[in-house]
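*Asks:* One line per chain: the protein sequences are A and B, in this order. Those letters in the first sequence? Residues 1 to 234, by full-length UniProt numbering. Those letters in the second sequence? Residues 1 to 267, by full-length UniProt numbering.
Simulated from the structure, these hints should not be mistaken for laboratory data. Careful: at least some of the hints might be erroneous.
[Stated by the list, open to error] Partial pick of chain B residues on the chain A-facing surface, computed with a CB cut under 10 Å: (1) T26; (2) D29; (3) L37; (4) E40; (5) L51; (6) V54; (7) E64; (8) P104; (9) A169; (10) N172; (11) I199; (12) A217; (13) H223.
The C-beta atom is built at its ideal place from N, Cα and C for all residues, glycine as well.
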Amino acid sequence: MDDLLAGFAAAFRLIVTLDAELIEITLLSLRVTLTAVAIACLIGLPLGAWLAVRRFRFRRTVIATLNALIGLPPVVVGLVVYLMLSRSGPFGVLDLLFTPTAMIVAQVVIVTPLVASIAHQAMRELWAEYHDLLISMGASRWQRMATLILDGRRALLTAALAGFGRAIGEVGAIMIVGGNIDGATRVLTTAIALETGRGDFALALGLGIVLIALALIVSGASHWAMRTERHGRW
Amino acid sequence: MILALLLMLLTTLPASAETLRMAVTTSFDASGLADILLPEIAAETGIDVQLLVVGTGQALRLGEAGDVDAVLVHSRAAEESFVAQGHATHRREIMYNDFVLIGPVSDPAEIADAPDAATALARIAAAGTPFVSRGDDSGTHKAELRLWNAAELSPEGGWYRPVGAGMGAALNTAVAMGAYVLSDRATWLNFGNRDDMTILFEGDPALFNQYAYLPVAPDRHPHVPHDRALRLEDWLTGPRGQALIDGYTIAGERLFTANATPREARP
Numbered sequence: 001m002d003d004l005l006a007g008f009a010a011a012f013r014l015i016v017t018l019d020a021e022l023i024e025i026t027l028l029s030l031r032v033t034l035t036a037v038a039i040a041c042l043i044g045l046p047l048g049a050w051l052a053v054r055r056f057r058f059r060r061t062v063i064a065t066l067n068a069l070i071g072l073p074p075v076v077v078g079l080v081v082y083l084m085l086s087r088s089g090p091f092g093v094l095d096l097l098f099t100p101t102a103m104i105v106a107q108v109v110i111v112t113p114l115v116a117s118i119a120h121q122a123m124r125e126l127w128a129e130y131h132d133l134l135i136s137m138g139a140s141r142w143q144r145m146a147t148l149i150l151d152g153r154r155a156l157l158t159a160a161l162a163g164f165g166r167a168i169g170e171v172g173a174i175m176i177v178g179g180n181i182d183g184a185t186r187v188l189t190t191a192i193a194l195e196t197g198r199g200d201f202a203l204a205l206g207l208g209i210v211l212i213a214l215a216l217i218v219s220g221a222s223h224w225a226m227r228t229e230r231h232g233r234w
Numbered sequence: 001m002i003l004a005l006l007l008m009l010l011t012t013l014p015a016s017a018e019t020l021r022m023a024v025t026t027s028f029d030a031s032g033l034a035d036i037l038l039p040e041i042a043a044e045t046g047i048d049v050q051l052l053v054v055g056t057g058q059a060l061r062l063g064e065a066g067d068v069d070a071v072l073v074h075s076r077a078a079e080e081s082f083v084a085q086g087h088a089t090h091r092r093e094i095m096y097n098d099f100v101l102i103g104p105v106s107d108p109a110e111i112a113d114a115p116d117a118a119t120a121l122a123r124i125a126a127a128g129t130p131f132v133s134r135g136d137d138s139g140t141h142k143a144e145l146r147l148w149n150a151a152e153l154s155p156e157g158g159w160y161r162p163v164g165a166g167m168g169a170a171l172n173t174a175v176a177m178g179a180y181v182l183s184d185r186a187t188w189l190n191f192g193n194r195d196d197m198t199i200l201f202e203g204d205p206a207l208f209n210q211y212a213y214l215p216v217a218p219d220r221h222p223h224v225p226h227d228r229a230l231r232l233e234d235w236l237t238g239p240r241g242q243a244l245i246d247g248y249t250i251a252g253e254r255l256f257t258a259n260a261t262p263r264e265a266r267p
């Protein structure tokens, strides 16, 4: 109980004093995760829509695989990305290991299946509703996908936010490919792991509270930007 | 406004001119010594040292792959074979500290008055009290295995608990279980969550813990900044670096003793 109270006190202290290091690692957390989620959405949303409007032979296999990939263990993703980007690996010459870019790559791999899967679920229902209309209007496949994405944007926001939630709290993969280097690749989650290892539970918990607050702010801000969940609208 | 914010988030911060990646053991960082040395290194040599804090086993693997430019670890046999295999140009001793046996204040296995470390471990095994092992192929784990070997015991059974984690996580586990654990002194002194655990056994020469610096061989990995790695070595073994290492104390206790071998010894 004392540790919990000390955690809240530490979080409060970090925030009111605008601790320079806290701001740095928070901004890096945001930068890595927002970039990864943006890329994952660019891949996952059209993929989800495409899977909804297109019928092809291995469609069920692709969807089942996608759903299974949601459970991909981040540590394994981290290890594979590490082996790819290592100087001894195929992409070693790019010198990306232990950089924020490497962390973004790992998070894109982790988040894309989740975004695509949720997007597909939402698009599928919308497609059942719009099917006859769009077909009778003679819309092309691209127009159908664009309509679904545009009209399903609130559900797609949920997909993006789920991706954000998975990425912002992720530690296993970015620890391996980022290396938790102070001032270069340290983010909120790896800092929490570090402070826990040092036995400084108060600071670790304080950082955890900052992380949760950050997730709340991002979620709230995106709902505000998309004008969802407002009074009188459903 | 949102766009500007996104752009700010997405643009990469400019990397400083001279960086050097060094894989170090968890004890070097967890002891707090890194926080003292790194700013001084940056100020005096202009090198921005980026630390990768891992176990000795993983640190050597990173050096082998060329993913770091230098390695600072503590496991002599592994280091010497690392140099022999050509992964590093040489091995340079920097400093030492020692391992201590941590356990509950009540000391159920009565190791506090043991004549040597091997006997202390034998008493823990005989009493069957929980013992937390790093179990992660780190320098500390290897030192622990050497001690069991010296005691002519192969630790196994429900009381022996390898956690496969870093020093801090192993200490947290030991505290939670009221178990004995082998730790380097520096990490323990800097550890925040001690509860009713304390140093029960120390001072045996077998607990001596030497740290050495290994610059990754540029003929294996032409991209490593070898001259920068040598400049860092010169600083660490020079008067300023050695004095700072000796001068680092926590609660009046000195954590590391600098013992760099003379420069001429470098091949």
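*Asks:* Tell me the numbers of any earlier hints that the structure contravenes, in ascending order.
*Replies:* Failing hints, ascending: 3, 4, 8, 11 and 12.
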